[in-house]
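Colleague: Using the sequences plus the hints, can you model the full thing?
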Amino acid sequence: MSLLTTLARLEAVRSGHAEPLATVRHRHLAEQPLVLIPLATAGETGAPLAVMLGRDRERPTLLTLPQPLDRTRRFVLLAELATELLPYLESFGADVEVLTRETKDAETGEPTEVTRELCLDAPQVIVPNRGGIELLGLLGRSTRFRRTAEDPDPGPYPAPPRVPLLGRWLTHLRDRAQVPGSSLLLAMTDLLGRHWATGQSTLEDQHLGALLAWLDPPAGLTGAEAALRAETARDPNGQLLCPPAGPSTDPHFDSTLLAPAITRYDAARQLSDPAATAAREQDIHRLLEGLLLPVWEQLWRGVDLLRALPEAAHVPERWTGDRWSYTAHRDRLAAGEPPQPVQDDAVTAARKLAQREREQTTVGVQEALDDPLAMAEHRLAGEALAGVVVGVELEYDTSRKTAKPRPLVTIRTADRLHADPGQELHRAGGPKPQKAELVAVGPAGSHQPLRSPSEPAGVAGTVTVRLLNGMGRKKEPDPGTVPAPGDQVCFTTFELTARQSAPLPEPEDTPWTHGGPPRASLPASEPASTSAPASEPEEEADR
Amino acid sequence: MSPLSPAPSGADGPGAEADRAVAAILDATLHGSERGTVVDSPPGAGKSTLVVRAARELVGSGEQLMIVAQTNSQVDDLVDRLATADPGLTVGRLHGSDAAPDPMALRHPNVLPSTKASELLEQSVVVSTAAKWQWVKGVDPWRHAIVDEAYQMRSDALLAVARLFDRALFVGDPGQLDPFTIVGTDQWAGLSYDPSSSAVVTLLAHNPRIVPHRLPVSWRLPASAAPLVSAAFYPYAPFRSGTGPGDRRLELPTAGDGSAADRVIDIAADTGWGLLELPARHTVRTDPEAVHAVARVVRRLLDRRGTCVSERGESPLTADRIAVGTAHRDQAASVRAALTGLGVPVGGADGVTVDTANRLQGREYDVTVVLHPLSGRPDATAFHLETGRLCVLASRHRHACIVVARAGIAELLDEHPSTEPVRLGVTVKFPDGWEANHAVLAHLSEHRVRG
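So the sequences go chain by chain: A and B. Residue 65 in my numbering sits at position 65 of the first sequence, and the numbers go up by one each step. Residue 1400 in my numbering sits at position 400 of the second sequence, and the numbers go up by one each step.
Just to be clear, a hint being listed does not mean it is correct.
To be verified - No more than 25 Å apart at the CA atoms, straight line, and that leaves these computed lysine-lysine pairs for DSS-like:
#, chain 1, residue 1, chain 2, residue 2
1, A, LYS432, A, LYS474
2, A, LYS404, A, LYS474
3, A, LYS475, A, LYS435
4, A, LYS104, B, LYS1116
5, A, LYS401, A, LYS474
6, A, LYS104, B, LYS1429
Stated by the list, open to error - Distance windows between CB atoms, simulated:
#, chain 1, residue 1, chain 2, residue 2, range
7, A, ALA460, B, LEU1424, 53 to 59 Å
8, B, GLY1425, A, GLU395, 58 to 64 Å
9, B, PRO1208, A, ALA233, 29 to 35 Å
10, A, PRO87, B, GLY1138, 46 to 52 Å
11, A, ASN469, B, THR1084, 33 to 39 Å
12, A, LYS401, B, LEU1121, 33 to 39 Å
13, A, ALA335, B, GLY1060, 53 to 59 Å
These are computed hints drawn from the structure, not numbers from a lab. Glycine included, every Cβ here is placed at the ideal spot set by N, Cα and C.
Modeller: Written out as structure tokens, the structure is:
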């Protein structure tokens, strides 16, 4: 946790409500996202109990199981989920833009044009918390390898037809959710936690009800009081007023309401009484509906809060990455590839790690560029400085035939940069990417340790930097490329784009140090081209 | 093995023991049945000397080889050592277009720098970083490679460069910091080729017949430090110091002024260790009082004009022979500023080195001053408990190590037992950071001065 986030949390404790950590929304938010709340059964890993989902706040769809340990019924539920979810997931596959790019033919070296489709939009699924994402991943794992009646060898227990396809989509969504900054599958607690700081720990923030209590406490209550109520207040029957947002349910609910209801259902079924069985099933459905409707409302309140924030400038660029991811998965399904393997092979794992590291760097930099509050964290950490230009001195590099402008820019700032003269800096928010070099740190601008904790930090000093490029080819800098006195400028010690990842071998060329090529060289483990351009980030590691 | 070691004669002396280990390593590298040879080296056990010697032996037997190191400064250092050790050796320094090699490495006539591997194919040895080697293509594989600091190299980097060689000698220190990543890697935990694990772990998992060799003698650590570092960080691979008690001395001509800094310096000069303990308090990372105490100790070390007496002879304790180690970069920046404020030269060839544990890996000084990673913290996270971090900080010195810390670390440790999940298929590393921290702290408490 950064120092600024810690301060914001302390602020929140003092003010009694959540404090903003961002001035803009850093994640894509679809016009009509699909909100989905999965519930799991206690006692069996990955066994669903209920799913509430929908895109219309007023009309949620609820799928429930009267006997969650009945595996035949479980796959009926998953088939219903496939019926609800797949049309939405597949609906973005048809509208595409066609992109062409120049490339060299692999054999002849002749330049050729390659066209690729990119879906114009992609689905977005929002679940309450990270546990929800994990549960969807588990459901994907338990369904994508199932055989159906349509298979040549369906086996003794064929699954309903679209269930394995659902598993492949859930696996893909969950995998994409591991990529920093991605927005195909999001947890509401992460979304809210990125944009606001509460006065409780990040662990406590995983409780959606408590988190929302800090964001929007009822009149007369502080965030802490409202959060405590959300976590612990119970009705006269001992049931939580604010049920947990899944995937686990309250044990007290399980033992006093759910378990007896299931027992009654089992008894009715044992007596082969269809009317009573249906009635008992309906009881369980209503019971779970009562549990999930408050959570449903919380999720949409979260969506409202996020929608009130203006979208950050780089969000569409990152959403394009999600669109590539979606398109690539669509293409693999269309090509009839087998399901994603249980374990990545060595090369695929390394590619995914490289992609995630690159995206982590990218999202960090882009958030800083888009949001002064995000940049403030870097300024406080001594990785960036912002200030007002107080002097510009036009100097030249005369070492070569034509003199090149190398202007000195002096900035008044209270920021303390952790850098020594000679260090490379990068100009943020300029007209184009520019490198600079730290020349001198004036009095009080250097990083002086505080003599005592009570001493104020922000004593303005001056910092002088030399711009090194991005000023055109002429002797005089192009207009607008050099800041003028009075301008606000920002320089960072970190680069403003992520470095390209080094190429990795193809899986069939896995070296002896990593066990050689994977034994089952399934077509699925064939990677896409490694020479993917940066605009198609999905090609490298999207499996 | 090290010509500087005053190796006692006889088959049981440290010099003879080290020589036997090196002979076995060279034999396995040149003639072994396995494609890989792994050497575990404790701090200061002559790893670089071994690399240079192995390179010369390989070239001497008519081979060409490539060397993979992890950072540009490691590469420059190796190039310098190779070219110095053998002026007949032709050394290629492969480098990136935005990372010019150190002039120290290029001052030799037998060193050729280039950004293209294809221009260095005539050289008997080509040295570069793993990051640069990953981009090399269109060349025939080398028959031999040496991978230096292999425990700091990530498995995915080895995956990208392994196509460039047939056989390799992997040399590294298993006790130092593990490679790290900024993103979650749980999904690969337990896989033999987890891309975020160290290159050696992956190599050994896939080549179970490789038995790591071990260098048994630390030539850097004094007799006062080797037993502690060995017991605390290498419980199953013990090593000894190349020098005996009293062979290394830090002599201070003037008496101390009675201040806490001077008293801890006196203790450290006597015993090789010192703990300057400040009152317990929760602080920000750049704890101003602790930072100032570190700077004070360095200032007094220089003021008192000590002399380091060792098997190399006598040399004055100058700023360039002192290092300050911290856990975080902002702490290092604060210490640098505080030292500058006290008029102590910082950085460069003549100044005090102030850096994080990550950057101090593989370096050696006469005296180190360490800001304890857990000082002033309200919690003990996995980062701060990492065994390698403390190991690096406690094993950079030839004479003495002074630790500055707030009181209460033992209690903090007891309140934060290790909670990292145990995962199937992941080799558990011993000791864990919690235990190593306690071991070091227990030892330091015998050399304590309250500030």
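Colleague: All hints are to be evaluated individually against the structure, with a verdict given for each.
Modeller: How the hints compare with the structure:
Restraint check: the Cα-Cα separation between A:LYS432 and A:LYS474 comes to about 16 Å, which is no more than 25 Å; the hinted pair holds. Restraint check for A:LYS404 and A:LYS474: satisfied, since their Cα atoms lie roughly 7 Å apart, inside the 25 Å limit. For a cut-off of 25 Å, the pair hint linking A:LYS475 to A:LYS435 stands: about 18 Å separates their Cα positions. With a C-alpha separation of about 22 Å, the suggested pair A:LYS104 and B:LYS1116 falls inside the 25 Å cut-off, and the hint holds.
Of the pairs offered as hints, the one joining A:LYS401 and A:LYS474 holds, with about 12 Å between alpha carbons and a cut-off of 25 Å not exceeded. For a cut-off of 25 Å, the pair hint linking A:LYS104 to B:LYS1429 is broken: about 48 Å separates their Cα positions. For A:ALA460 paired with B:LEU1424, a C-beta distance near 56 Å keeps the hint of 53 to 59 Å intact. Here the CB-CB span from B:GLY1425 to A:GLU395 is close to 60 Å, well matched to the stated 58 to 64 Å.
Distance hint check: the CB atoms of B:PRO1208 and A:ALA233 are about 58 Å apart, inconsistent with the given range 29 to 35 Å. With their beta carbons about 49 Å apart, A:PRO87 and B:GLY1138 fall inside the hinted range of 46 to 52 Å. Take A:ASN469 and B:THR1084: their Cβ atoms lie about 37 Å apart, and the range 33 to 39 Å holds. Distance hint check for A:LYS401 and B:LEU1121: the Cβ-Cβ separation is about 34 Å, which falls inside the suggested range of 33 to 39 Å.
Judged by the Cβ atoms, the range 53 to 59 Å given for A:ALA335 and B:GLY1060 holds: they are separated by roughly 55 Å.
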